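**Student:** Chains as they are written, first to last, in this note's numbering: chain C, 1 to 290; chain U, 291 to 538.
Please keep in mind that the hints were generated in silico from the structure rather than gathered at the bench. Any given hint could be a false lead.
[Claimed, not checked] No farther apart than 16 Å at their CA atoms in a straight line, the calculated lysine to aspartate or glutamate pairs in the EDC-like style are these:
#1 Lys509/U x Glu483/U
#2 Lys375/U x Glu189/C
#3 Lys427/U x Glu468/U
#4 Lys478/U x Glu326/U
#5 Lys303/U x Asp321/U
#6 Lys421/U x Glu359/U
#7 Lys531/U x Glu499/U
#8 Lys421/U x Glu483/U
#9 Lys367/U x Glu394/U
#10 Lys402/U x Glu283/C
#11 Lys390/U x Asp204/C
#12 Lys405/U x Glu189/C
In this text the structure is predicted, and so the values were computed from the model without any measurement.
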Amino acid sequence: MKKAVTPEQIKGHLPVLLPTRKLMLSDIPLHDRLFNIWTAGALLIAFLASAIGPSFAQAGAGPARSIITILLDWTPSIAKAFGFNVLISIFAMAIGTVLGVGLGVLQVSPRAVIRRPAWLVTQFFRNSPWLVLLFYCILLIPFKITLFGVTIPFPGWIKAVIGLSLPVMAYMSEYMRGAINSIPTGQWESAQSLGFTRGQTMRDIILPQTIKRVLPPWMNLYAVLTMATPLVSIVGVSEVMSLTRAALSAEGRVDLLIPMYLYILCWFFIYCYPISTLTGRLERRYSVKL
Amino acid sequence: MPWTPDQPIISLKDVHKSFGQIEVLRGISMDVMKGEVVCIIGPSGSGKSTLIRCINALNDIQSGSITVEGQEVHDQKLDMLALRKKVGMVFQQYNLFPHKTALENVMMAPIKVLKQNRSEVELRARALLKKVRLEGKENAYPGELSGGQQQRVAIARSLAMNPDVMLFDEVTAALDPETVKEVLVTIKDLAAEGMTCILVTHEMGFAREIADCIYFTDKGVIVEYGPPQTFFENAKDPRTKQFLSQIL
């Protein structure tokens, strides 16, 4: 039996031929966009109120300070401790990025003796729990190393930085491998025909082109790393989480627990959200090209 | 035995090349003299591109010999850089470096590979861009140029290495009909200056006009070759006749 053909199909307007386009935020009417943000905001406020509200009820009973006041009082210390988290994340990111780019380049080596070990190292650290890696670094790295009479101290936080940089290295290595392999082979060939060696081609032609491709996942990785920094408090390095625990025990108020941790969450959110938004924007911008 | 200009600048003898099980070149022999312009034509899949890629060692060969200025190309001890300096190559897909401007594309190899002085290279690069009629486009990125313009930058980039031979691999195949001409004019200028050129092309009219010798390849062998006049008007082999009747 023949299927009925609509007049649109006869004219060549098959639905499959219509241009497809990903739904962009700007396609959504402003009203809907506002509504969504408001909804999120309202939810957050409701959540905050449910946490803080009961404490106000209690506050009326005695001379205790309000939760807001307590949070504000602790803010300078929290900011300082949070700054330490940021510092750890920046150092770990810097070390992990440098090592990861190198490892990624080794992963695409034409020589199996170089490529295979690089692949193994990458896979090993990419598939290890971050906390276990942290414990390993804290336990395995001595607290000081004496080299030629010079003693280099390794305080806990530096060991933690090294521990966190290992997974960053592994992820970065994979991003680099993917990015390098995504550069058209014609680039290699034309460089080769101009007399560039493999190393020169990699450094001057291929790697500069990978930056654009690696930047969005790299930023995303940084946000993930920052959110993972509280892990270091578990291995005894003081940062914002250890400070929060200290503050809570100093205040000794049960009703402070939820607002306090919520407050810390807000700090991380405010720091990480712009990064992920920017990442998304960059991804969209670069996905069109090439 | 040192090479002298009265010997073929490029000489292929019984070249065999296969990709896995597929034999792409099955005994190719040809000689190209200095200053000669040679066009290689033939149906797709006949090994034309592989042939010229073997000449500058982008592909290796299984047997036979290829010499450029008397030097064996597929010799393990060959100084690759020396070969690449002698042989320039332009690709179908231009393959410009997208993160560099037109001028930087031209300047890059002389500076990084030949370690030449930057300011001298820049003067030469500007002159080359002028020669390929791209004055004023020095600071444009490849993405901002048309296909024909990009291809002319690619030609200038190869010329910046001062090659003795230029290989053109279907350089107009990816271009719009109206930009094909500007690239062909550039190649014609080069040929007129005495540059040795080997072109793989589908532009029969152009091949006829520019070539000193036309080679017709099919299924990995050279079926017939000769000067354009004889080739196009008095082709002897039935396969050549059939091919020409389809395209002319």
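**Student:** Please go over all the hints and tell whether each is borne out by the structure.
**Tutor:** Tested hints:
Between Lys509/U and Glu483/U the CA atoms are separated by roughly 34 Å; this puts the pair beyond 16 Å, and the hint is violated. For the suggested pair Lys375/U and Glu189/C, the alpha carbons sit about 15 Å apart, so the restraint of at most 16 Å is met. With a C-alpha separation of about 19 Å, the suggested pair Lys427/U and Glu468/U falls outside the 16 Å cut-off, and the hint is violated. A hinted pair counts as satisfied when its Cα atoms are at most 16 Å apart, and Lys478/U with Glu326/U qualifies at roughly 12 Å.
At roughly 9 Å between alpha-carbon atoms, Lys303/U and Asp321/U fall within 16 Å of each other, so this suggested pair holds. For the hint pairing Lys421/U with Glu359/U, the CA-to-CA distance comes to about 27 Å; that exceeds 16 Å, so the pair is violated. Of the supplied pair hints, the one linking Lys531/U and Glu499/U is violated, its CA atoms being roughly 19 Å apart against a limit of 16 Å. A distance of roughly 12 Å separates the Cα atoms of Lys421/U and Glu483/U; the hinted pair therefore holds under the 16 Å criterion.
With a C-alpha separation of about 32 Å, the suggested pair Lys367/U and Glu394/U falls outside the 16 Å cut-off, and the hint is violated. Restraint check: the Cα-Cα separation between Lys402/U and Glu283/C comes to about 32 Å, which exceeds 16 Å; the hinted pair is violated. Distance hint between Lys390/U and Asp204/C is fulfilled; the C-alpha atoms sit about 10 Å from each other, no more than 16 Å. At roughly 20 Å between alpha-carbon atoms, Lys405/U and Glu189/C are farther apart than 16 Å, so this suggested pair is violated.
Figure legend: structure checked against the earlier numbered hints; hints not met, in rising order: 1, 3, 6, 7, 9, 10 and 12.
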